[in-house]
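K.L.:
So you can see what is in the structure, the chains are spelled out below.
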Amino acid sequence: MYDLILLLVLLSLGYFFGTYLEKKHYKSILKREKELKSILLFDTKLIPPELQASGGQMVVGHVVVSIDYFKRFVAGLRKLLGGRLKTYESLLDRARREAVLRMKAHAQESDANMIFNIKFETASISKGARDTIGSVEVYVYGSAVKATQ
Amino acid sequence: MLLSNLEILPNKRVVKHLGLVQGSTVRAKHAGKDILASFKNVFGGELKAYTELMQEARDEALQRMVAQAESTGANAVLNIRFATSSVAQGAAELFAYGTAVVLEER
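These protein sequence lines map, in sequence, to chains V and E. Take 38 as the starting number for the first sequence in the numbering used here and just add one per residue. Take 5 as the starting number for the second sequence in the numbering used here and just add one per residue.
Quick caveat, the hints were computed from the structure, so don't treat them as lab data. Please note: incorrect hints may appear among the correct ones.
Simulated pairs of lysine to any residue, SDA-like, Cα-Cα distance not exceeding 20 Å [to be verified]:
| id | chain 1 | residue 1 | chain 2 | residue 2 |
| --- | --- | --- | --- | --- |
| 1 | E | K20 | E | A95 |
| 2 | V | K82 | E | K33 |
| 3 | V | K183 | E | K33 |
| 4 | E | K33 | E | E109 |
Simulated DEER-style distance windows between Cβ atoms [to be verified]:
| id | chain 1 | residue 1 | chain 2 | residue 2 | range |
| --- | --- | --- | --- | --- | --- |
| 5 | E | G23 | V | D40 | 19 to 27 Å |
| 6 | V | L73 | E | Q59 | 14 to 22 Å |
| 7 | E | E60 | V | K156 | 31 to 39 Å |
| 8 | E | G23 | V | D148 | 41 to 49 Å |
| 9 | V | S127 | E | G77 | 33 to 41 Å |
| 10 | V | K116 | E | F43 | 43 to 51 Å |
| 11 | V | T185 | E | F43 | 48 to 56 Å |
| 12 | E | K37 | V | F53 | 23 to 31 Å |
| 13 | E | L40 | V | E87 | 50 to 58 Å |
| 14 | E | R110 | V | K60 | 29 to 37 Å |
Now the stretches of chain E that chain V is said to cover, found in silico as 3 or more residues with beta-carbon under 8 Å [unchecked claim]:
| id | region |
| --- | --- |
| 15 | 20-31 |
| 16 | 42-50 |
| 17 | 68-79 |
Keep in mind it's a predicted model, so treat the numbers as computed, not measured. Think of the CB as a built atom: it goes at the ideal place given N, C-alpha and C, for glycine as much as any other residue.
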């Protein structure tokens with residue numbers, strides 16, 4: 038009985054706080070994406086020779102995010118049937134966008150306006166094991182360049 | 005020391021190649037922070053303690069790589085890559101490698 042109550046409490050805490058935090062996070066992501074729109078990203082290695090470029094210092098951005106209890110529960114149910122795990126999709130989307138924004142912010146500090154050779158790395162910290170923290174690390178890096186077109 | 009993950013830098017010329025340099029570190033997570041993080045796991049959101057931990061570890065790996073590059077007399081490391089592997093439950097190895105070179109303004 039107590040287990041059931043605990044589960045329901047955790048689920049509702051996860052649902053309300055998780056939804057609130059996610060909305061807040063998306064709002065801040067959208068706002069910062071607008072602010073940093075001027076920095077262009079490339080995953081090519083070679084800087085086009087027609088650009089007047091200088092610099093090339095490495096910039097990094099990374100974040101570790103955790104899933105909330107409710108979403109994890111829903112994903113657990115979903116796993117019985119297979120298909121899209123929407124709750125995890127939004128977690129990874131948030132993590133990647135946040136990491137890119139942090140990298141862009143670093144580039145802006147050094148006055149760069151382009152980042153080349155961007156690489157993403159994603160590491161699962163829990164690897165889906167039971168009773169561990171469902172969280173994911175996203176790491177992104179590239180070389181910041183100041184260039185005029 | 006200029007660190008970059010490009011192979012060719014604008015306005016710079018490689019005058020000497022010094023070969024591969026690398027740095028790595030193995031880190032375990034802090035038990036106390038782990039408990040705090042497990043609370044966070046109910047609500048979701050960023051695990052700041054882990055973010056910091058991973059950043060510290062990557063900085064350490066990079067520093068070791070830079071130290072190696074400095075000892076060979078390089079002034080830049082090009083084409084840097086990162087790799088992560090989990091060694092044991094709750095521990096991770098962070099690895100950084102690149103090519104040490106001497107650069108000159110063109």
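K.L.:
So, for every hint listed, does it hold in this structure?
P.N.:
Hint check:
Between K20(E) and A95(E), the direct Cα distance comes to roughly 37 Å. Violation of the 20 Å bound is thereby established for this hinted pair. Distance restraint check for K82(V) and K33(E): the Cα-Cα separation of roughly 34 Å exceeds the 20 Å cut-off, and the hinted pair is therefore not satisfied. Annotation: proposed proximity of K183(V) to K33(E) is violated, straight-line Cα distance about 38 Å (limit 20 Å). Between K33(E) and E109(E), the direct Cα distance comes to roughly 43 Å. Violation of the 20 Å bound is thereby established for this hinted pair.
For G23(E) and D40(V), the Cβ-Cβ distance of about 59 Å falls outside the hinted range of 19 to 27 Å, so the restraint is violated. Checked against the given bound of 14 to 22 Å, the beta carbons of L73(V) and Q59(E), roughly 20 Å apart, stay inside it. Range check, E60(E) to K156(V): Cβ separation about 21 Å, and the 31 to 39 Å hint is violated. Judged by the Cβ atoms, the range 41 to 49 Å given for G23(E) and D148(V) is violated: they are separated by roughly 32 Å.
Roughly 49 Å separates the CB atoms of S127(V) and G77(E), a value that falls outside the hinted 33 to 41 Å. For K116(V) paired with F43(E), a C-beta distance near 24 Å fails the hint of 43 to 51 Å. For T185(V) and F43(E), the hinted distance range of 48 to 56 Å is satisfied, since their beta carbons lie about 49 Å from each other. Here the CB-CB span from K37(E) to F53(V) is close to 25 Å, well matched to the stated 23 to 31 Å.
Taking 50 to 58 Å as the suggested C-beta distance range, the pair L40(E) and E87(V) conforms, at roughly 51 Å. One distance hint, 29 to 37 Å for the beta-carbon pair R110(E) and K60(V), is violated here, with the actual separation near 50 Å. Restraint check on the region 20-31 of chain E versus chain V: 0 residues with Cβ-Cβ distances below 8 Å, three needed, restraint violated. For a cut-off of 8 Å, the count of residues in the region 42-50 of chain E with a CB near a CB of chain V stands at 8, and the three-residue condition holds.
With 0 residues having a beta carbon nearer than 8 Å to a beta carbon of chain V, the region 68-79 of chain E misses the requirement of three or more and the stated coverage is violated.
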